Amino acid sequence: MADLSLPAVAALDVGQLIAIAAALGWASGLRLYAVVFITGAAGYLGWVPLPAGLQVLQNPVVLGLAGLLAVVEFVADKIPVVDSLWDTVHTFIRIPAGAALAAATFSGVFGTDQATWSVVAALLGGTLAAGAHAAKATTRAAANTSPEPFSNIGLSLLGDLAVPGLLWLSWAHPMVFWPVLAACVLVALALLVVLFKFLRALLRRLGGRGAPAAA
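Each number in this note's numbering comes from the position in the sequence shown (counting from 1) with 34 added on.
Worth flagging that the hints you see were computed from the coordinates, not collected in a lab.
The structure presented is a predicted model; accordingly, all values stated were derived computationally and were not measured.
Heads up, the beta-carbon is just placed ideally off N, CA and C, and yes, glycines get one too.
Hints may contain errors.
Stated by the list, open to error - Pairwise CB distance ranges, derived in the manner of DEER restraints:
1) Pro-183 <-> Gln-148: 43 to 49 Å
2) Leu-223 <-> Leu-79: 31 to 37 Å
3) Pro-213 <-> Thr-122: 29 to 35 Å
4) Glu-182 <-> Phe-108: 18 to 24 Å
Produce the complete structure using the sequences and hints provided.
Right, here's the structure in full:
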């Protein structure tokens, strides 16, 4: 049988660890519980050697809770309006969690330099999580203005596929991961600009429609 295991933690260089931290941050802004479950399960099954700070994700209790919440999020994310309510609540969860997961990537790796790298990774992971979350929440809010449910489901499934794909790339092909992440960031920025203007114009029209007529 072919050996599918990835390089040991000691063999991971700074560039790959930063790629992993960035992937954890960005993906957490989309599907936090799936990120925790997938990362923990991959470490538990021996598919990837997790850095010391991430090994807590392999704990069966953490895996069970993360798996349950991932299923709840998978369902909630397919239901119009419910998905936006879920995103609103998770504004206060995904971003700090993305920063924490990114920082934990460097825990116990570089000795005296650990604090510096952890802070850098936390800033990177938190920023990426915030960007991904903002783009996701705005896109889904815009999709909810359509009466049909298929656009919501399609966008949700796209996120379901993107998360494991980005995590895998960061571990197996970090040099490929960076241009993919850059493309994702550019798309997210474009969506934020276009859809923010769309939602603002829509709210203005609804507000004007509901205003009392002038005498």
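Cross-check of the supplied hints:
The hinted range of 43 to 49 Å is satisfied by Pro-183 and Gln-148, whose Cβ atoms lie roughly 47 Å apart. Take Leu-223 and Leu-79: their Cβ atoms lie about 36 Å apart, and the range 31 to 37 Å holds. As the Cβ distance of Pro-213 to Thr-122 is approximately 32 Å, the hint placing it in 29 to 35 Å holds. In this structure the hint that Glu-182 and Phe-108 lie 18 to 24 Å apart at CB holds, the actual value being about 20 Å.
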